[in-house]
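Chemist: Spelled out from the first residue to the last, the chains are:
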Amino acid sequence: MPERERLYRAEGIVLSRRDFGEADRLLTVFTREYGKLEQIAKGVRRPSSRKAGHLELFTRVQLLAARGRELDVITQVEAIETYPHLSKDLQLVGQASYILELVKLFTVHGEVNREIYRLLVETLARLNSGDPPSKATRYFELRLLELSGYRPELFHCGQCQSEIRPEAQFFSYIDGGVLCPNCGREQRGVRPITLAALKVMRHYQRNPFSTASTARIQLQVHQELDHLMEGFFIFLTEHKLNSPRFLRRINQNTVTVIEEDKIA
Amino acid sequence: MRSAAPKPVERLIEAFARLPGIGPKTASRLTYFLLRAPEGESLELAEALQEMRTHTRFCSLCFNITSNDADPCLICSDAGRDSSKICLVEEPLDVLALERTGEYSGHYHVLHGALSPIDGIGPDDLRIAELMGRLQDGEIQELIIATNPTLEGEATAMYIKQSMEGSEVRITRLARGLPSGGDLEYADITTLSQALRGRSEI
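These protein sequences, in sequence, are chains A and B. Using the numbering used here, you'd call the opening residue of the first sequence number 1 and step up by one each time. Using the numbering used here, you'd call the opening residue of the second sequence number 1001 and step up by one each time.
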């Protein structure tokens, strides 16, 4: 937690915000210096607020806050980066929301995690710069799992420890990784994973984004991983995720209908 | 822990505390104020609450709040208003704000929220399908999107625009710029650049 001084300065990204009181907003900000914090921004719903425009979602801000008895009050704020393209495309709005939603779920109040912070900033910048959103998101997912101690085991069977051969396998949420066909077949609550999807996960897990993103990934494989990862995150956090549902709904109108698959 | 207040009192405190912006302290204060005030005052409040609930409904056209005996609502049924324009807002309170300007004489459509992926609010949770229905009859020439200038409001505007592709209705968005009485040096980049792009002759 912040030290004893009353005022503190931090750099952060607004993860969520909701209306509070007459014209205030309650914010959850993930800061580089102090981790995830709840802060209140007074009067920001008034058009004349000096802070409002700086405290939007998907904005990296420098802020000055005063420690309060229950909530810290944001006294000054300035946007460092606004990632303008994120809010101009519904697909990107959904993807970036997904990123924020996961960061919010995977971080603990007042716990500093500079690596996740850096990953968040990098991912928003990637989405904003026009990198393929599915790739930026995929990379973020695997890195977030790794940084929070849930790095999926993709090389050895989670049960018999035998080396995973290049064939279709099973993915087990409980074991946190792949199971060989022998162990997986018998197991309840596992889902199949194609060789192509497994390869993508391995590739993304082992390489930096610049290398990982060069691989071409078929749409079906991305869709398979969308479902697999969503299921894994729901299993880990015991929370339903809102953004993937939103993305599916938005894409219904424009691209193809992605079939909701059943997770055993 | 058992509360020292009698049950009926406790019940009202809890009911007050569920209202937005009211904490347990304010809730108790309001309750004890009513206890001490003349009986008529509480009864009037109770009656007003009940009437508000039982005598109102959503206007079947614009989904603003209206009284039971006026559907379509007073705005929708006002022959003096310009029926070729619809102004799209998030909340009923936004209608009141726009009406206060005295500048607008068209109709409204209340969405009851804005798209928000994080909160799980999708197009089906808003009155969007109903809006599309209204736009189909050919009478409407302009749709003024007046959702809030927040990320959610913008996303909603974007979605509406996408859903109306190919429609002949003119779609406009409320201008974004500097607030009156504001100070340029405090303006954020987004607002300032939009104000610059949307500058007008004087």
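In case anyone wonders, no lab produced these hints; they're calculated from the structure. Quick caveat: nothing in here was measured; it's all calculated off a predicted structure. Just so you know, not all the hints are guaranteed correct.
Unchecked claim - Listed next, the in silico SDA-like pairs over lysine to any residue satisfying Cα-Cα at most 25 Å (straight line):
no. : chain 1 : residue 1 : chain 2 : residue 2
1   : A       : K104      : B       : K1025
2   : B       : K1025     : A       : K88
3   : A       : K88       : A       : S134
4   : B       : K1025     : A       : E70
5   : A       : K88       : A       : T75
6   : B       : K1025     : A       : R69
Chemist: If a hint holds in the structure, say so; if it doesn't, say that too.
Modeler: Do the hints match the structure? See the list:
no.: 1; hint: K104/A - K1025/B; in the structure: violated (30 Å)
no.: 2; hint: K1025/B - K88/A; in the structure: violated (43 Å)
no.: 3; hint: K88/A - S134/A; in the structure: holds (17 Å)
no.: 4; hint: K1025/B - E70/A; in the structure: holds (15 Å)
no.: 5; hint: K88/A - T75/A; in the structure: violated (29 Å)
no.: 6; hint: K1025/B - R69/A; in the structure: holds (16 Å)
Hints 1, 2, 5 from the list above are not met by this structure, while the remaining hints are.
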